[in-house]
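Trainee: Chain by chain, the residues:
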Amino acid sequence: MSISFILAWTQTLSLWRAGALRVLVLSLVLAVSAITAVGFFTQRVETALNQQGSLLLGGDIALLSDHVIDEKFEKNAVSLGIDIVKTYEFVSMVVFGETSQLAEIKAVGPSFPLRGNLSIGQTINETGQVIKSAPKLGEAWLEPRLATLLNLKIGDVLEVGERKLRISAILLHEPSRGGDMFSFAPRLMINAADLPTTKLIQIGSRVKYQLLLAADPQKISRYFAQTKPQLGMGEKIEDVRNARPEIKLALDKAQQFLGLSAMVSVILAIVAMLLSSLPYIKQSLDTVALLRCFGASKNTVLQVLAIQTLLIAFFSALLGVALGFIGQFGLAQLAGSLFLEVLPPVSAGPIFVGIIASISMMFAVVLPHVWQMRNLTAMNILRRETLKQTSADQAKFLPAALVMCGMIFWQARDATLAFSTILALLLLCVVIIVFSYVLVNLVKRLFNLSTKTQSLNDVKLGVLGLKRRFALSTVQMIGFSIGLMVLILLALIRGDLIRNWQASLPLDAPNRFVINIQPAQINRLKQFFAQQKIDHATIFPMVRGRLISKNGENVAQTQWSNERAKRLAEREFNLSWAAKMQSDNKLVSGRWWTEQEYGQPSLSLEQDLAKTLGIQLGDKLLFDIAGSPLTLTVTSLRKVDWDTMRANFFAVTPLGVLDQYAANYISSFHLPIGVDAPLNQLIREYPNLTVIDVAALMQQVRGIMQKMSSTIEYVFAFSLIAGVAVLYAALVATREERIAEATLMRVFGASRRQVAIAYVAEFAYIGFIAAFVAVFAANLLAYYLSATLLNIPFQFNITLAISTMLAATALIPLAAWLGLRGFLNIPAKQLLNSI
Amino acid sequence: MQQPPVIQAPVIHAPVVQAAVIQAQEIKYNFTSHDNQIRILAGLNLSINAGEQVAIIGSSGSGKSTLLSLLAGLDIPNNGSVQINNSPFSSLDEDGRAAVRAATMGFVFQSFQLLSSLTALENVMLPLQLKNQPNAKALSLEALNKVGLSARVQHYPKQLSGGEQQRVAIARAFATQPAILFADEPTGNLDNSTGQMIVDLLFEMNAQAGTTLVLVTHDIHLAHRCQRQLMLENGILTELTKVIESATLTQS
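Quick mapping for you: the protein sequence lines, in order, are chains W and Z. Going by this note's numbering, the first sequence opens with residue 1, and the numbers climb by one from there. Going by this note's numbering, the second sequence opens with residue 1001, and the numbers climb by one from there.
Keep in mind that the hints were calculated from the coordinates and are not lab data. Since the structure is predicted, the reported quantities are computational estimates derived from the model, not experimental observations. The C-beta atom is built at its ideal place from N, Cα and C for all residues, glycine as well. One or more of the hints may lead you astray.
Said to hold, decoys possible - FRET-style restraints, in silico, Cβ to Cβ: (1) Z:Gly1148 / W:Leu800: 55 to 63 Å; (2) Z:Asn1234 / W:Ser14: 30 to 38 Å; (3) Z:Ile1220 / W:Ser14: 35 to 43 Å; (4) W:Tyr784 / Z:Glu1142: 50 to 58 Å; (5) Z:Ser1116 / W:Leu800: 36 to 44 Å; (6) Z:Ser1116 / W:Ala717: 36 to 44 Å; (7) W:Ala717 / Z:Asn1079: 51 to 59 Å; (8) W:Phe419 / Z:Ala1138: 48 to 56 Å.
Unchecked claim - Straight line, CA to CA, 30 Å or less: simulated DSS-like cross-link-like pairs of lysine-lysine: (9) Z:Lys1028 / W:Lys467; (10) W:Lys228 / W:Lys153; (11) Z:Lys1131 / W:Lys298; (12) W:Lys282 / Z:Lys1158; (13) W:Lys467 / Z:Lys1131; (14) W:Lys208 / W:Lys611.
Put together the whole structure using the sequences plus the hints.
Mentor: This is the structure we're talking about:
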């Protein structure tokens, strides 16, 4: 073993025994455990969420095609060890005796579903049993609605094309049933092996061919990467994110929030570490100086320091990772009951991240000091002399700041978010520096006016201490401020974030859509609403039209930049009309029509659609409506909040524009789950009506939101602990200095009371300024988040602001005093020897 | 108030009868280390008059600094008492002693004891601010001027040489115009010529202010610049002239 290693090892041990290392190691361990615990946990939750999403897809990813899927895709998957199953979906009439009904038929392979379960029962009103298999050959399962519409029961035989199938179960729950607005017919599920004998699939049949795949994430992403470039016309590969936009939204928001709180914890832990590194550095510099005195070469000293740094970083990382693992285990245990499934196992990723973070943080903190001293003599170091005092002092924090920025980028996974976070932190620092400078000078002046009493003088002494140690106190204030800011911010918006998120899908949100309503049926529908005591039903008119040209340019000949644009342009538009804009829409540009403008050929478009099709304000769009042309001018663009699950339209005109065209109507309303009988009665009365039932889907989305809300709360709790750690680290960062000063003050004749008053006054001031800035910054941030992210009115919480400031001004000095109190009772002589 | 006469141990009196500013009686001091009682001071008596310059010498570890800290009330004896200006001192509580220190004492330490985060000026101002002295800054600047550091008032300790740091400490000690100045090995951390300069400065300022000086040193030459030299050995204090006398007697 090299002499450097032995030296470093013994040095580290002595530093530990002497207590110089403890606070630093504590914060380092805390930083690493925050990083790893949140890392472990968010990763497991994300995986779980993706799996939850997979349940809805029936697999991890799906390859979709409008024609028979090429065998190479299957073979490739099998060779990678991926489980596959094929499904076919199409719409067809099914016949039972005299009655027939349009059904959405899904023919599935034997291993369907690869992810998640189905539940089936013998009657439509039971909870049923959970199974993981497809209907047997010659059998069919159908949705309760189809059973009601056709008046079918178990054992009845149904005609599907040329094949007769026996009803063997009611399909009560199919997670993979899409929330697609256009899949409105009730489901009939059959075995894929029965499909050829139905003879329903002919050349030109519209069939959605699906290859579902499931395996571990590495295999899936390999397959995804390999397959993507091989896709041909009409083929696409989907994961849960693009297959189910409503789930994707929930997932994205959840990950955004989780990532944010993880980042907050990491920032806090690093701040705690930086603060607590100050005493350690002082101590290790002494050792270095002594080593130099004893004849160690510059290289040996550098080596010793490097090894020492590495040792501390490594052991702290080990401890931190272990604690982080235990922490996430606790979190997972707590959150486990929230998830239907057991959380997936942890991966090694966060362990490496924790160790790397630990080592880079330690080096970032220690190296600048080492670098600066490499050319100093032993005496220089002993006397803490530096070559270029002022400029180098600030530069010392640069590497640590860079590492912190790196961690922010890594955690944020989004450059804009990372940049704005860093900018906000910088701003916070500047504000604190300016504030404390101005306030300290102001107070100094006030005291100059009157220092009549001794107590007032002691207070002044304390506050002036701030001015004397301006740099150090500012670092301390920044620490307190960041800690407090996060705590206030969490108090301010944690609830709002979660409430707002859940409010996007309120319990009474519409969960049934009825389409194809004829004008003559509207009164009967309204009657139905009155009978069922449904207050918030909406009825919108719809006229179908095809887009022919844009500003005279034929869309059929347009080269679309992507598949989606082409699909959108070729699809029939549902044109609606309205006097007022829907409440969940937001005008982006142009303006909504006035009453005087009714009848004018104006059009309001959804902004994403307009963007995809390259349509701008003022463009003239020619539609073909039932054979007759209609030109509409785009007068406004709207942003539509699709995740409210309300009926919404891409294209809306003023009243009186579409009157001469045949319209049908769409209605959306909320009907509790299981209250289908009156609705089915209505449909039997008017067989032309089609019901789209999204109740189950909404239940699923709401379930995910619920679970995520709880896990976000847990992760927030972690940030809370890290915030408290920062406060603690800020407290101990300058403790040694302050004990030295307090001792000298006592030698010069200060009473313990005087020392305590001065000390408490100084910390009260630090606490006040930190709390003041923190309240200011937290409210500003909360305002920003409310305005941009949440779209809710922000209310300044004056009680919280005042109570935080009071609490910080009282509790920070109290905690500081508790830390110092012990030293006030030790004879000054002993302390003098030790300082 | 009359003090009871002390009989057991020889009392070292000042040569000229003057009011004693420091009186120590029967001072004992032990400390416990690993369950062993180590005796540092074994019941010593001492009387120092106003304006006197007294050197306490002894080998290292003899307890000089302990004695100084007891005289200054930085610690309390296990037995015996210290009086300052004929008033009980060692029997006062921590804060009571601190108040007496603030009113009457100044300190110069071997290791300077300047606060690294304060400038030279701020270091000198600290004890003045503690006393709520209205013109603390002016007094401090004046003191720093006296020690020849008027050009370096805004420097931090680490920007000053050892000699300069000790000069700041001396300025700090005299700025409060104390009646008694305790100096604990004031040249211990300095080279010879710098030490000489510091000593000259210390005595010069002491003469100007008429301060009582209690100086702890192991340097016999430095001790001889004081009016009296006391030797601390085996926990007992002996007037050095008597040591020399007895040595001469034994030899003859």
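Trainee: Find the hints from earlier in the document that the structure breaks and name them by number, from lowest to highest.
Mentor: 9, 10, 11
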